[in-house]
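Novice: Chain by chain, the residues:
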Amino acid sequence: MTFVVPIGPQHPALKEPEFFRFEVRGEEIVDVDIHLGYAHRGIEEAFSRRNYKHNIYLSERICGICNVVHSTTYCQAVEQLAGVEPPERAKYIRAIIMELERIHSHLLWLGIAAHQIGFNTLFMLAWRDREYVMDLREMISGGRVHSATNTIGGVRRDVKIEHVPTFLRGLEKLEQSTNYYINLFKSDRTILARCTNLGVLSKEDAIKFCTVGPTARASGLKTDIRRDDPYGAYDALSFDVAIERDGDVWAKGMVRLREILESIQIVRQALKEMPGGPIRIRVGLQIPPNETIERTEAPRGELLYYIRSNGTEIPERVRVRTPTYGNFASMKSMFVGGTIAEIPIVIWGIDPCFACNDRVTLVDSRTGKTRIASFDELRRWRK
Amino acid sequence: MMEVVNFVINSLIFPGLLFASLVGLLYVGIDRKVTGHMQHRIGPPIWQEYLDMGKLLSKEDITPGPAQSLVFNTVPLIALGAIVAVMLFLPITSAQPALTSVADLIVIIYMLNIPAICIMLGGYSSGSPFGASGAGRYVVQLLSYEFVFILAIIAVVARVGSLSLGTVVGYQVQQGWLVLDWRLLPAAIAALIAAQGKLLRVPFDIPEAESEIVHGALTEYSGPKLAIWRLAYDIETIVVAGLLAALFFGGPTAYVIGGTQIPGVVDFLVKTLAIVLFTTTLRNIMARLRIDQALKFYWSFAALLAIISLVLVLAVP
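Chains as they are written, first to last, in the working numbering: chain A, 1 to 383; chain B, 384 to 700.
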């Protein structure tokens with residue numbers, strides 16, 4: 001006999017509202033159904049009602065954790081539409097802030113993952129060390145979380161020369177603690193017992209379900225937009241793409257921890273090699289009719305922006321595809337055959353960000369029923 | 384007449400409900416404060432449990448629709464009653480407990496299981512999938528730690544040759560702590576591991592794993608009923624620690640330091656606090672296991688320790 005365990009829309013394992021309907025037999029999961037759409041905010045519609053300048057701030061608010069990568073992708077896309085190239089120094093500053101964001105996002109992941117497996121001490125320690133990177137971000141951009149640094153045609157704040165020594169000290173502390181966590185992850189018996197061989201995503205499935213980011217890299221897929229399709233300053237920066245082969249939760253965590261070390265190296269390199277010069281150029285907002293696709297590597301994976309302009313100050317259409325959306329399809333193959341105890345950590349294994357991800361739900365206001373729109377239907381709505 | 388008055392004082396004031404709840408709540412408060420410091424937080428004040436208890440007791444008493452039943456409403460009280468009754472069988476001021484019987488260890492083992500069974504009943508009758516899931520896990524956990532716990536106690540009983548806790552403490556006054564006896568050291572370790580599971584502490588907080596099944600069997604409880612559960616849990620902490628102290632760590636001993644008589648209850652409090660802090664340390668340096676892993680751990684490693692101890696006690700005079 002199976003019975004249904006509802007995880008969500010409100011559940012301690014989830015930090016945001018989303019609904020997972022698990023069918024379980026005893027402790028074993030036999031089926032899972034994912035209902036999206038609880039955090040739909042109408043962002044894409046809002047994009048096509050504001051001008052290009054206002055939209056920078058809107059794109060930053062799609063996700064609290066990875067706000068810089070959203071605004072960078074948006075600004076890069078608009079710069080492409082307008083046919084301008086930001087100054088070199090601005091590209092480096094963007095890269096530094098994006099890498100700091102990756103570090104902070106991955107440490108946040110580590111903390112919550114530890115909480116999901118009941119290791120609250122590691123949770124608190126990881127978030128304590130996350131404060132270092134938050135302080136660095138505050139120093140460089142003025143905001144601990146929302147930096148509001150990007151603008152179309154460059155960045156708004158420069159990195160001051162007197163900040164660099166403090167910066168390097170902060171990075172050193174981060175490197176020490178990350179190395180400590182990597183050792184802990186490799187050696188702690190209870191962490192190994194709770195994270196290895198569960199939520200396994202094979203390499204074939206990772207390719208089949210088009211997974212992105214650390215989820216794909218943990219399954220042995222060497223994919224990283226920074227390397228495959230370099231943008232901004234990443235052409236000039238050298239770094240390794242961390243991959244693991246096992247595809248389980250442990251591998252996903254290990255990929256993230258090793259990416260922190262890579263990010264620290266990237267930031268050091270960028271600070272050293274950063275050219276001088278202006279940090280922004282002026283861009284006129286009357287952008288001629290055009291369309292573009294811009295891809296970046298967010299902490300959670302590939303982030304894609306599609307923008308179509310029509311000659312006015314307001315974009316005609318902005319489409320955002322967040323990494324979590326790319327990873328949802330792979331979840332079923334991770335869950336089935338596992339146990340209830342695995343649910344929180346496996347969900348958290350892909351580092352989901354539901355508010356980023358929710359776009360379209362159709363709710364019939366008369367009957368209150370939700371339904372899924374077909375692709376053809378969506379195409380007909382295209383203006 | 385005197386006996387009745389004595390019994391009432393024993394069960395309600397000392398060492399019964401009042402004393403047990405004051406000390407139990409304080410110990411869990413200390414546990415939370417120490418946990419906070421271990422995790423680089425400030426942590427709540429050590430009297431936080433009293434405040435929480437007051438808050439819960441002053442809340443509205445809500446019973447959810449599907450859980451309307453006699454069982455759901457009465458099990459918290461039965462659990463509290465049982466655990467306070469165990470307090471009366473523990474040696475607290477001297478080797479002699481407030482209530483004695485010929486084989487009080489058997490009574491204690493039985494009474495200590497009643498709260499666990501009550502939690503299961505509460506979970507199953509709550510009409511919530513999380514409650515049922517938590518209760519199911521609790522059954523498995525009970526089957527894993529109880530065997531180890533009983534084996535460890537049997538090893539002690541075989542060594543001392545008596546089922547009475549008073550005699551066990553008296554034996555230790557003459558022969559030294561049983562934990563220092565090399566034959567019983569494995570049993571003491573096994574009993575501490577079993578206590579970790581009995582008190583639902585990490586890595587064995589599986590039946591109430593909050594990130595998996597909300598609050599397990601107690602998910603649907605709120606207000607005063609939850610307060611009674613918390614009280615029962617907090618008293619269980621001190622009862623289990625007190626039982627371990629009496630079995631392996633010499634029990635309460637009265638000392639004379641510099642001419643002043645220090646009553647046995649002080650010794651009892653110090654020893655139980657030390658045991659509670661030991662379990663606190665354990666729970667802060669580990670992640671939670673899965674229920675199958677916990678079962679395997681108890682029936683292989685922990686049970687092996689207890690059996691070795693029992694065999695040594697029987698084989699080596």
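Treat the hints with care, since some could be wrong.
[To be verified] Going by beta-carbon spacing under 8 Å, a handful of chain B positions derived as facing chain A:
hint	residue
1	His420
2	Gln422
3	Ile425
4	Gly426
5	Pro512
6	Leu582
7	Arg584
8	Ile596
9	Thr664
10	Asn667
11	Ile668
12	Arg671
Quick caveat, the hints were computed from the structure, so don't treat them as lab data. Glycine included, each C-beta is placed from N, C-alpha and C at the ideal position.
Novice: Confirm or reject each hint.
Specialist: These are the hints, each one checked on the structure:
For B:His420, the shortest C-beta to C-beta distance to chain A is roughly 11 Å, which exceeds 8 Å, and the interface hint is violated. Taken as an interface hint, B:Gln422 checks out: its beta carbon lies about 4 Å from the nearest beta carbon of chain A, inside 8 Å. Violation of the interface hint for B:Ile425 is found here, the shortest Cβ-Cβ separation to chain A being roughly 11 Å, above the 8 Å cut-off. Given the 8 Å rule on beta carbons, the hint for B:Gly426 is violated: about 10 Å separates it from the nearest Cβ of chain A.
Because the beta carbon of B:Pro512 sits about 5 Å from the nearest beta carbon in chain A, less than 8 Å, this interface hint is met. Hint on B:Leu582 is violated. Least Cβ distance to chain A is approximately 15 Å, over the 8 Å limit. Annotation: B:Arg584 was flagged as interfacial toward chain A, and the flag is violated, the nearest CB pair being 10 Å apart, outside 8 Å. The beta carbon of B:Ile596 is positioned within 8 Å of a beta carbon in chain A (closest approach about 7 Å), and the interface hint is therefore held.
At about 10 Å, the closest approach between the beta carbon of B:Thr664 and any beta carbon in chain A exceeds 8 Å, and the interface hint on this residue is violated. Look at B:Asn667: its Cβ gets to within about 5 Å of chain A, closer than 8 Å, so that hint holds up. The interface hint given for B:Ile668 is met, as the beta carbon of that residue sits about 7 Å from the closest beta carbon of chain A, less than 8 Å. The beta carbon of B:Arg671 comes within 3 Å of a beta carbon in chain A, closer than 8 Å, and the hint placing it at the interface holds.
The structure is inconsistent with the numbered hints 1, 3, 4, 6, 7, 9, although it conforms to all the rest.
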